[in-house]
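All chains should be modelled from the sequences, with the hints used to inform the complete structure.
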Amino acid sequence: MGRYVVRRLLQMIPVFAGATLLIFLMVNVMGDPIAGLCGERRCDPATAARLRAEFGLDKPVWQQYLTYMGNVFTGDFGTAFNGQEVTELMSTAFPVTLRLTLIAILFEVVIGITLGVVTGLRRGRPVDTGVLLFTLVVISVPTFVTGLLLQLLLGVKWGWIRPSVSSEAPLDELLLPGLVLASVSLAYVTRLTRTSIAENRRSDYVRTAVAKGLPRRRVVTRHLLRNSLIPVVTFIGADVGFLMGGAIVTERIFNIHGVGYQLYQGILRQNTQTVVGFVTVLVLVFLVANLVVDLLYAVLDPRIRYV
Amino acid sequence: MRGATHARWAVCAVAVALAATACGGGSGSGGTGAVLSASWGDPQNPLEPANTNEVQGGKVLDMIFRGLKRYDPETGEAKDMLAERIETSDSQNYTVTVKDGWTFSNGEKVTARSFVDAWNYGANLKNNQRNAYFFGYIEGYDEVHPEDGGEQRADTLSGLKVVDERTFTVRLSQKFSGFPDTLGYNAFAPLPRAFFDDHDAWVRKPVGNGPYLVDSYARGSQMSLRTWADYPGPDKARNGGVDLKVYTDNNTAYTDLMAGNLDLVDDVPAAQLKNVGNDLGDRYLSTPAGIIQTLAFPYYDENWNRPGMEKVRRGLSMAIDRKQITDTIFRKTRTPATDWTSPVLGEDGGFKADLCGEACAYRPEEAKRLIAEGGGLPGGRVTLTYNADTGSHREWVDAVCNSINNALDDERACTGNPVGTFADFRNQITRQRMTGPFRAGWQMDYPLIQNFLQPLYYTNASSNDGKWSDKEFDDLVDRANQETDVTRAVGLFQQAEEVVRDRMAAIPLWYQNGSAGWSERLSDVRLNPFSVPVYDQIKVS
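Chains as they are written, first to last, in our numbering: chain A, 1 to 307; chain B, 1001 to 1541.
Calculated directly from the structure, the hints in this document are not laboratory data.
Derived pair list, reagent style SDA-like, types lysine to any residue, alpha-carbon separation capped at 20 Å:
1) B:1368 x B:1503
2) B:1161 x B:1175
3) A:157 x B:1275
4) B:1467 x A:42
5) B:1126 x A:79
6) B:1205 x A:83
7) A:157 x B:1250
8) B:1471 x B:1310
9) B:1126 x A:53
10) B:1205 x B:1103
11) B:1126 x A:45
Put into structure tokens, the structure is as follows:
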């Protein structure tokens, strides 16, 4: 187990280097960002040259990348164009997005798995058909439509919630954005769980468990659910990274100043330091989440062993 | 993605219309001390006076600073604020006397030195100030800010001298009679010693001499400004303060206004314009701002610079149905342009409603004839380059192209060429990569006709992106700048503008309005000619 984890961690290094290099190159291909800093006029050449030197843009790309990576390992992610340290931006943005992601994951786990188990056990009944239909609708309607509709209905028409999230982004204000963010994944989790449960219901070990007289509750939670969760956990694990980076739309609708907002602004202003810094952290989140998922397999299914 | 945006707006529109009847106002309590909340955008550059060149940072500077002059929110006229008098006998040497009794909000006195230090800081190349060129008229600028990449030879402008505590002199490198009127621009604001002594702390929480204090500033999300009780100026704030909230999307800000979560939105999204009457009634305002949109041409491309092309450019101008586009796409929040300045200048300031005349009227037949006479479009077609990330540029560029195509009876004569980001767009322009007309927007820095002509059309001027050059125009501008009599100076600028018209250096499209919507708590909301709300005059009930 220990050796496995170490091996996985070592594998992360080339993935990390490759991913950051790709992003670095992609942002650089977009061209010189200094031109956009002076509004509808040409930056005077002297100031532009100084700004380029300040942000290290006057050096060749490979040198920029090496300097950048060197700085990253000392915890220095550079400075955004508005003079703020990227680490400072991260320290405000990541907690917000993390809260939002946790709420979304919580919705996925609680509502998604519950609905999945209920429908899986009652296949073909009206509950099952109803939920299936409902998830189909959720999957087919894009996030921004659900988001804007709920925002306008609950926030403006009925006045139950604030349509936008304040800058502190407390948990209660993030409930609706979290639900919206989770909606599509939630529907997938429901469907995955349902199929998996329905399949395993007919397996031998479940029949054995029922035959030896275990209470139904114990059969479902201990035997059926635990074995049916492997594909669901894989999905949710990959979703953590996806939700954190993919919250751009949701964060824009509800005016949440998180990772999506910073990335959006960084891309618009072609701010290499911001974009690469945030994506680097997201890459790390992805890698760690994947590792955790793989380790969870062993917990869920004792037959899986890592050596 | 584009289809998606449309769908979103449509949903938005429907839902807002449904919601309109259920919308309540904010709370009714509170006196003059009440605080209002207003929409904001994250400033692009650090919040320093000489480093802020866009409207979001400008909003804050306008609240926390007062300069020698201030532009009247109503008329745009430059009126003395901190200046007791600005005297000159030759339009080149100026003596400035600062009024007594002004202090910064930290108690420090505003003296002649506060100005001289601030201007020296702004001009100094070492400080990377984006607005440094504003000090370019002052003698010694090329020594502290050598533009050709040469070595910096001085740290301070030789043209600035402190005489005594309240007096300083300014020597310009050339005659410029309009100079005092430019001093209302934010770049010329005075700075306290705290700015130089502990710069990082100052940028985190700016200290100025305006009617508001920065109470707290969470960068990227919110700035709370409170009324400064001891503000010595005549324009004391009539409310308790302003909370500026950063919105990524102006649609969200508008939704928040509808829900009673926000008091003031100063940029009503284009998609909501058709609902605004129902939603807000008379709590909506759209007034002319000093912004003009034009199409500029790449004169460095010989296709556009050969003789006869002025006819083609004139023809293109006459092929654009400005009125239809402003009516349908912009719902009358833009006005078809009939000159190269802006109505906010007023007749006396140099705005002349019919200066463009025929050349800006929609005459499809004549347009076709003129373009043919001029030798036709280069290669038989024309592409309009624009940035597609902000504004509703795509919509109007497509409309302009349709209009040109219809006039020329050629489906493929004109096409749009979107560029992903503003930075890339500017980059391609500065590298002279344009092969056809491109979008050029101009927001004035100060309400002078000079500001609409010289930076845009003077040979090698800072915003002359198309590299247009005309000796007659340059001479007229030089003469106008030296003219001490305002009326005669304006007359000369208008003559210069006629040169722009006759050569059709750029096609004027339309004047842009500023817009604002507000909650029932507010009254006396107005926009100044820079399309920024006059926060200090807003009353909160």
